[in-house]
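Build the complex from these two chains, which are given one at a time in their own frames, with help from the hints.
Residue numbers (the working numbering), protein chains in the order written: chain A, 1 to 348; chain B, 1001 to 1216.
Because the hints were derived from the structure by calculation, they are not lab data.
The beta carbon of each residue, even a glycine, is placed where N, CA and C say it ideally should be.
Check before you lean on any hint, since a few could be wrong.
[Unchecked claim] Looking from chain A toward chain B, a few residues come up when the C-beta cut is under 7 Å (computed): (1) T160; (2) N306; (3) L307; (4) D330.
[As the list claims (entries may be wrong)] Stretches of chain A that chain B covers, calculated by requiring three or more beta carbons in the stretch to come under 8 Å of a beta carbon on chain B: (5) 70 to 82; (6) 200 to 210; (7) 213 to 222; (8) 228 to 235.
[To be verified] Over 12 Å on every C-beta distance to chain A, these chain B residues come out as not near it, computed from the model: (9) D1010; (10) G1066; (11) P1086; (12) A1150; (13) P1175; (14) A1183.
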Amino acid sequence: MALPPPPNPIGSEVRMKKLINDPADVVREELQGIEAAHPDLVKVSYDPHFITRADAPVQGKVALVSGGGSGHEPMHGGFVGMGMLDAACPGEVFTSPTPDQMEAATKAVDGGAGVVHIVKNYTGDVMNFEMAADLCRAEGTEVEAVVVDDDVAVQDSLYTAGRRGVGTTVLMEKIAGAAAEQKRPLKEVADICREVDANGRSMGMALTSCTVPSAGKPTFELGDDEMEIGIGIHGEPGRERMKMKPAADVVEMMATAIVDDIPFSKGDQVLAFVNGMGGTPLIELYVVFNELNKFLSGRGITISRNLIGSYITSLEMAGCSITLLKMDDDFTQLWDAPVKTAGLRWGT
Amino acid sequence: MSRRVAVAYDQVVAWLKVFAATLAENKGYLTELDSAIGDADHGINMDRGFQAVIGKLDSATPGDIGALFKTVGMTLVSKVGGAGGPLYGTLFLQVGVATAGKDRITPEDWSAALAGAVAGVQARGKAEPGDKTMLDALIPARDAFASALADGADLPAALRRSADAAEEGMRATIPLVARKGRASYLGERSAGHQDPGATSSALLIRTVADTWAGDG
Chain A
1 MALPPPPNPI GSEVRMKKLI NDPADVVREE LQGIEAAHPD LVKVSYDPHF ITRADAPVQG
61 KVALVSGGGS GHEPMHGGFV GMGMLDAACP GEVFTSPTPD QMEAATKAVD GGAGVVHIVK
121 NYTGDVMNFE MAADLCRAEG TEVEAVVVDD DVAVQDSLYT AGRRGVGTTV LMEKIAGAAA
181 EQKRPLKEVA DICREVDANG RSMGMALTSC TVPSAGKPTF ELGDDEMEIG IGIHGEPGRE
241 RMKMKPAADV VEMMATAIVD DIPFSKGDQV LAFVNGMGGT PLIELYVVFN ELNKFLSGRG
301 ITISRNLIGS YITSLEMAGC SITLLKMDDD FTQLWDAPVK TAGLRWGT
Chain B
1001 MSRRVAVAYD QVVAWLKVFA ATLAENKGYL TELDSAIGDA DHGINMDRGF QAVIGKLDSA
1061 TPGDIGALFK TVGMTLVSKV GGAGGPLYGT LFLQVGVATA GKDRITPEDW SAALAGAVAG
1121 VQARGKAEPG DKTMLDALIP ARDAFASALA DGADLPAALR RSADAAEEGM RATIPLVARK
1181 GRASYLGERS AGHQDPGATS SALLIRTVAD TWAGDG
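Chain B with its partners taken away, still in its complex shape (with noise of 0.2 Å):
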C-alpha cells in the first residue's frame, strides 16, 4: 500500500476512457441541463467528442503525456463544435502544454496543468469567476488541490478535495445568473439551474479522482 506519488501514462489513458464513459453513460442529463438555459446539446457534443478521442487512443504513441493530451486537445477542437469544442479542446492543450514531454504527472506538474487549463479557458472564453461556466467548477478544482498539497496531503487526498471543490463549485452554479454562452440570454431566468458545462467539468474532476486516487 505504497503512496502513490506520479501518475503514469497507462493511468492517463485509463481515465480517459472512465471520463468518455462517464460522458456517454451522463449524455442526457448533461443535455438536459443545457435545454433548460442553453441550446440542449452538451452532452451529445461532449459524448461525439469523446468517442473521437477514444477512436485515437490506440494510435497514439506511448510514454509522451503532453503529446497524448495534445492529441485530445486537437480531436476535440475539430469534432464537438460549439462553445464546448474551443473550451475543452483548449483545456487539453493546455494540460499538454504542462505535461510535455513527461512519461508520469507528479503532484506539482498536475497542479501546474490545472493552472494552464483554468488560465486557457479563460482566456478562450473570456469569463469571470461566477459566470455561471466551466471556470466555476475547474477554479475551485485547481485552487483545492494546489492548496491540499500545500497542506501536505498525498496525491489521492489531494485529488479527492480537488474533486469535491468542483461539485461544490458546480452546485453553486444554480442559483446564479449568466453571463456568458448562450445562458446569458436568458438574465434572470437562468438562476435556479445548474451549469452544464461547469457539470461536466465537474464530471472530469472526479473521474481524474476516482481513476488516480484509486483504492489506495
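The shape of chain A in the complex, shown without the other chains (with noise of 0.2 Å):
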C-alpha cells in the first residue's frame, strides 16, 4: 500500500555536495578516522558505537557520559578526554543514539565513583537515556542524569518538550569535566552540571539550511534574503524568519533575548560563546563577537572568558549561536583548568 507520493520525492532534484561514499557509512567511517587521528587520547567501540578516553576507566573518578545525534562535531566525540567527557555515544545524524550504546559506554568508563549523563533536552535524547539509566541501574552503576535545556528560542515551554539543550551543553560538559578530574564526588559533579545549566542560556540562528546525508535535499528552504532566528541544531526550523540583517542588529535580537531571561545584571561576569553551526567563517564570529561585547559592556556585563569557533554544529548550515554563562570563581577555575581532547586543548 503506497500513500502518495511526496511532493517533492527524495533524491529528484537537488543533488548533494558532500564528502562521503555512502550515506549508510558516514558515521562508522568518521569513528574510524577518529580512531585513526587521535589513539592517544580516545578508544572507539564499533558494536555498539561509542567513543571512550583511552585511559577509561580512571579509577575512583566520576565518569561523564554524553551523546546525541551525530552531525555537531566536535560536540560530543571530539570532547572526549582528559578534563573532560569519559565517553560520547553518537547516534545516527541528528538522530538520538540508542539504550544498549549508552548501557555499554556508562559500564566501559565506570571507575567506581559513578557516571554522570550528560543529556540535551530533545525527546528522543531523553527517553533512550532514561531507557539506559534504567538499564545501568538495574546493575548496580550508580547514575546521575542530568538534562540541559538553556535555549530561551523555545518560550512556553509548558506545552512544549521543553528548552532545547544547545551551547550551554559545551561549557558545561569542560567545567563538570575538570571537577571530575578535581576527583570531586558524584552528587557534587551532578550539581555542578544543574548550575551549569541554571545560569546558562542560549540562543542561535540559520542562515542556510542543512542536508542530512541520507535524507539527500535540505531540511527546510531559506529565502536567498532570509534567516531564521530561533533555529535548533537539527536544522529544525525556529520561531521566527525574517529578512536579513546587519550583524549588529541580529547579535541585539539574540543576545537581548538571553540577556533578559535570567536575568543576567549589570556587574556580572560571563563567558561568552560564539559558536558557529558549521558553515560559518571565523571572520564572521568574529564580527558578532565583537557586536556581543560591546552589547554587553553598555548593559554593564563583563566578559571574563570567552570560546569562539565551531564547537556545536549543525551539519554544514552557516549562521551562530549565542551562549553566555554567569560566572562565578568556582566556574571560572574549573573552566581554566587543563583539558585535552581533540575538540578543545589548553593547560597540558
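The structure is reproduced here in C-alpha cells:
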C-alpha cells in the first residue's frame, strides 16, 4: 500500500554535494577517522558505537558520559579526553543514540565513583538515556542524569517538550569534566552540571539550511534574503523567519533575549560563547563577538572568558549561536583547568 | 470461507514483513512529513529499524508470539534511536506482554495488546491525546477495535474499523498544534502538517488489517 508520493521525492531534484562515500557509512567511517587520528586520546567501539578516553576507566573518578545525534562535531566525540568527557555515544546523523550504546559506554568508563549522563533536552535523547539509566542502575552502576535545556528561543515550555539543550552543553562538559578530574564526588559533579544549566542561556540563528546525508536534500528552505531566528541544532525550523539584517541587529536581537531571560544584570561576569553552526567562517564569528562585547558593555556585563569557534554544529548550516554563562570563582577555576581533547585543548 | 477467529504465528510474521515493506515503500514520504515539522529522519529510522527486525525473524523460535514481539521491541530500541526507537520499541514490548506464551492471537488478545501498546507509549512519551503524536492514531485504533468487538463484529471487520479509525486520527493531526517532540518547538507553525508518527502508526494498524483480515 503506497501513500501518495511526496511533493518533492527525495533525491529527485537536488544533488547533494558532500565528501562522503555512502550515506549509510558516514558515522562509522567518521569513527574510524577519529580512531586513526587520535589514538593517544580515545578508543573507539564499533558494536555498539561509542568513544571512550584512552585511559578509561579512571579508577576513583566520576565518569561523564554524553551523546546525541551525529552531525554536531566536534560535540560530543571531540570532547572525550582528560578534563572533559569519559565517553560519547554518537547516534545516526541528527538521531539520538540508543540505550544499548549508552549502557555499554557507561559500563566501559565506570571507575567505581559513579557516572553522570549529560543529556540534551530532546524527546529522543531523554527517552533513550532514561532507558539506559534504568538498565545501568538495574546492574548496580550509580548513574546521575542531568538535562541541558538552555535555549531561550523556546518560550512556552509548559506546552512543549521544554527548552532544547544547545550551546551550554559544551560549557557544562568542560566545567563538570574539570570537577570530575579533581575527584569531586558524584553528587557534587551532577550539581555543578545543574548549576551550569541554571546559569547558562543560548540562542541560535541560521542563514542556510543543512542536508542530512541519508535524506539527500536540505531539511528546510530559506530564501536568499532570509534568516531564521531561534533555530535548534538539527535544522529544525526556529521561531521566526525574517529578512536579513546587519550583524549588529542580529546580535542585539539574540543577546537581548538571552540577557533578559536569567536575567543577567549589571556587574555580572560571563563566559561568552560565540558558536559557528558549521558553515560560517571565523571572520564572521569575530564580527559577532565584537557586537556582543559592545552590547554587553552597554549593559554593564563583563566578558571574563570567551570561546569562539564551531563547537556544536548543525552539519554545514551557516549561522551562529550565542551562549552566555554567568561565572563565579569556582566555574572560572574549572573552566581554566587543563583539558586535552580533540576539540578543546589547553593547559597541558 | 470460515470466519477467522484467531491469528497464527505465521500470520504475525507475515504482518511484520508487510509492515517492513510498507515502511520501506513510504520511507521518503514519512521523512518528507518529518522535515516539515521535525528533523527529517522518521522514515529513514523506521526503515532501518524494521530492516533489522526482518533480519531477526528467521532466528526467532517459532510458536511463541509474545517472544517474537519482544524481540521486535528490543530490536527497535537498539536500532532506531531518536524518539521512534523507544516509543515503537515500547509499543511492541507491550504487545509482547499481552501475547506472552501464546501461539494464536484471539480478538480479545489483540484488544488487550492495543490497550497495552497505548498505555506503554503514553507512559514513555508522556503525551496526551491531541498533542499531535502517534497516540492520535493509536488511541482511535484501540477504541474502534474494542467497540467493534462489543458490537459483535468478527475479527476482519473489527480490524478494518480499527484501521479506518487510525487513519481518521492521523488526518485529524493536520490542524493540531504539536505539544510534544521536536514539532512542539514550532508552536503554531506546526499546524497544517500531518504528524509523521501518527502516519507510521496508521500504516501499522492498516497493515495489520490488510494482512490478518485477508480476503476472507
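Structure-based check of each hint:
no.: 1; hint: T160; in the structure: 4 Å, holds
no.: 2; hint: N306; in the structure: 28 Å, violated
no.: 3; hint: L307; in the structure: 25 Å, violated
no.: 4; hint: D330; in the structure: 33 Å, violated
no.: 5; hint: 70 to 82; in the structure: violated (count 0)
no.: 6; hint: 200 to 210; in the structure: violated (count 0)
no.: 7; hint: 213 to 222; in the structure: holds (count 4)
no.: 8; hint: 228 to 235; in the structure: holds (count 3)
no.: 9; hint: D1010; in the structure: 21 Å, holds
no.: 10; hint: G1066; in the structure: 20 Å, holds
no.: 11; hint: P1086; in the structure: 4 Å, violated
no.: 12; hint: A1150; in the structure: 28 Å, holds
no.: 13; hint: P1175; in the structure: 16 Å, holds
no.: 14; hint: A1183; in the structure: 8 Å, violated
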